[in-house]
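Undergrad: Read off the chains here:
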Amino acid sequence: MTRKLRNVWEALMGAAIRLSGVASVVFVVLIMAFLFRDALPVLRGSTLGELLAGREWRPTSAEPRFGFLPLILGSLLVTGVAIALAVPMGVGCAVFIAEVVPKWVRELTKPAVELLAAIPSVVFGFIGLTVLGPWIKSVAGAASSHIAGPEWLKTALDMPTPLAAITGSVVLAFMALPTIVTIAEDALTAVPRSYRDASLAMGATRWQTIRAVTVPAARSGILASVMLGIGRTIGETMTVLMVTGNSPVIPGLANGLFRPVRTMTATIAAEMGETAFRTPHYYALFMLGLCLLLITFAVNTAADLVMNRSKHVERR
Amino acid sequence: MPRSAWIAFASLTSLCVALVAVGCGKPATTEGSTPSEPAKGGAATAAASPSTEKASIQAKGSDTLLQVAQALAEAYKKVEPNVDVAVTGGGSGTGFKAILDGTADIADASRKINNAETASAKERGLDLVENLVGYDGIAVIVNKDNPVEKLAIDELGAIFTAETTDWAVFGGKGKVVLLSRDTSSGTHEYFKEHVLNKGDSKGPRDFAASAIMEPSNDQIRTQVAATAGAIGYIGLGYVDDSVKIVPVVGKDDKPVAASVAAVKDGTYPISRPLFMYTNRDASPAVAKYIDWIKGPDGQKIVGDQGFVPL
Chain A
1 MTRKLRNVWE ALMGAAIRLS GVASVVFVVL IMAFLFRDAL PVLRGSTLGE
51 LLAGREWRPT SAEPRFGFLP LILGSLLVTG VAIALAVPMG VGCAVFIAEV
101 VPKWVRELTK PAVELLAAIP SVVFGFIGLT VLGPWIKSVA GAASSHIAGP
151 EWLKTALDMP TPLAAITGSV VLAFMALPTI VTIAEDALTA VPRSYRDASL
201 AMGATRWQTI RAVTVPAARS GILASVMLGI GRTIGETMTV LMVTGNSPVI
251 PGLANGLFRP VRTMTATIAA EMGETAFRTP HYYALFMLGL CLLLITFAVN
301 TAADLVMNRS KHVERR
Chain B
317 MPRSAWIAFA SLTSLCVALV AVGCGKPATT EGSTPSEPAK GGAATAAASP
367 STEKASIQAK GSDTLLQVAQ ALAEAYKKVE PNVDVAVTGG GSGTGFKAIL
417 DGTADIADAS RKINNAETAS AKERGLDLVE NLVGYDGIAV IVNKDNPVEK
467 LAIDELGAIF TAETTDWAVF GGKGKVVLLS RDTSSGTHEY FKEHVLNKGD
517 SKGPRDFAAS AIMEPSNDQI RTQVAATAGA IGYIGLGYVD DSVKIVPVVG
567 KDDKPVAASV AAVKDGTYPI SRPLFMYTNR DASPAVAKYI DWIKGPDGQK
617 IVGDQGFVPL
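Respectively, the protein sequence lines represent chains A and B.
Each step along the first sequence adds one to the number in the working numbering, with nothing skipped, and position 43 is 43.
Each step along the second sequence adds one to the number in the working numbering, with nothing skipped, and position 104 is 420.
Excised from the complex, chain A in its bound form (with noise of 0.2 Å):
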């Protein structure tokens, strides 16, 4: 190739992958954008605070009330439990792959949880709504019967339908899991050698290494995998559809999680089809949309900033 040419080429890729980082950045910004645009005319007819802070979400009745507030609790309620219940299994999983296993070992078992990630959400919801739910009503039913404890707890474990927001945290914390496991396994495997050689010299068993030195020391990956878990749940649409019951209700304090409850998710996929262009349902649908967006961006640059502090604590 002449110089000349090679030089041409050497400007086509460089503009050629200038571009493409370029466009990244333009295609959020645009999907922004057009949220915001096809969001803001809902506060036309409702203020903010009657939107957020709303307790009923009827959009096709007489006198349409869009209330998000029992949709925002209904993923937050969703959310919480399935990564309170996905971080202990996930951490541990994770620290179990890099830290106890011997090396074949890992090689088999990282990829089985991968493989995990690899399962389309509405087989998981499928799941969910065949298997899982009704073996979660006749656990919770025969607990209800059987354990001596106040009647408010009875009557919540009591569940009328498999259909519920406990459901949604199971299955979703299986989805979670695999992006915790990764993450917090690679966090855990970018601490130094020198950190666990200097505890086990000091004469620390292998289990006080892993959870007064290691862990601790990798504590802000980990943290990040968790946020991103947090990301990955609360934006899941198909399996909470399918196996949360779709009823908007604000959960109740007693027994809101083993009842149905409806995440914004859900209530997006469910009405956006049939609503009408440029109408307030629609608009109200695309400013619950922004709330998640909004949402899942703190999550997910909270994770990123706790992400870089520890790729800034490494490099001493």
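FYI, nobody ran anything at the bench for these hints, they're computed from the structure.
The beta-carbon is built from N, C-alpha and C at its ideal position, and this holds for glycine as well.
Do not rely on the hints blindly, as some may be mistaken.
To be verified - Label pairs and their in silico Cβ distance ranges: (1) A33/A with D417/B: 20 to 26 Å; (2) P134/A with G515/B: 34 to 40 Å; (3) L328/B with A62/A: 56 to 62 Å; (4) T481/B with P120/A: 36 to 42 Å; (5) M89/A with K438/B: 54 to 60 Å; (6) V8/A with A432/B: 37 to 43 Å.
As the list claims (entries may be wrong) - Examples of chain A residues lying across from chain B (beta carbon under 7 Å, computed): (7) A16; (8) R58; (9) T161; (10) L163; (11) G245; (12) N246; (13) P260; (14) E274; (15) A276.
Once you have looked at the hints, place chain B on chain A.
TA: Using the frame of chain A, we list chain B on its own:
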């Protein structure tokens, strides 16, 4: 290195050229619109419609009509092998939206078009034709273990708005678990208007927030069959013996169970007409299909599926 770069560059360029050519090329002579090209009101290419013209028709909308629409589409393929009818569900509301947006030729609907949709059609210059294709009863179903014998329209209203939450009032036991279709469903709208609000389309009553919203008739039936205190409503064509039909008290205070005969002679109080809306400017293939549905062959299939023919 330079040679492979040239090959890569050349193949990338030819790929781009090919994609542009495909995208800008003339569409094949299909009548009716495809989802990627939302033509206004169905691309009416001037075909003289003998059966040798290839055509594709997109029907979208009511989940109640889904099974019968699919059965009709399959049967029509034998009559007109060159016409492809694709059927999707999503609820009557989705069907209306699709025909207004130009992404469907036929909107299957288990309710009449409402004012907002009519206004929207007018705005877009579309003239929608309402084709009556059959009648349907909405069956009220409960779990097989539920001892309830009959329910009046008022009682149904009280149950579905959660004014009554316990089966004890009706001789059963346990809490009521409400199952409903979601808001895109024509069945949902019809039930709300005619049972909850007794015919007043602007009535204030709505389903209780605690009602579990399911996207299809099948799902409601499955859940009612599996849950002891459940009650739901589905199209008559979806009832099978996994659930129990509750007779509804009709005009002369007599409880009538939902059945094709009861809908036909008007004694079942919750029956409604089923429609397929089309565009007046739609292609002749669409009009021919609708005429076939209204004719004896189509109506036989409507009857076979558990609905009431015209």
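Undergrad: Does each hint fit the structure? Answer for all of them.
TA: Quick rundown of the hints versus the structure:
no., hint, in the structure
1, A33/A with D417/B: 20 to 26 Å, "holds (22 Å)"
2, P134/A with G515/B: 34 to 40 Å, "holds (39 Å)"
3, L328/B with A62/A: 56 to 62 Å, "holds (57 Å)"
4, T481/B with P120/A: 36 to 42 Å, "holds (37 Å)"
5, M89/A with K438/B: 54 to 60 Å, "holds (57 Å)"
6, V8/A with A432/B: 37 to 43 Å, "violated (58 Å)"
7, A16, "violated (10 Å)"
8, R58, "holds (6 Å)"
9, T161, "holds (5 Å)"
10, L163, "holds (6 Å)"
11, G245, "holds (4 Å)"
12, N246, "holds (4 Å)"
13, P260, "holds (5 Å)"
14, E274, "holds (3 Å)"
15, A276, "holds (6 Å)"
Checked against the numbered hints above, the structure violates hints 6 and 7; every other hint is satisfied.
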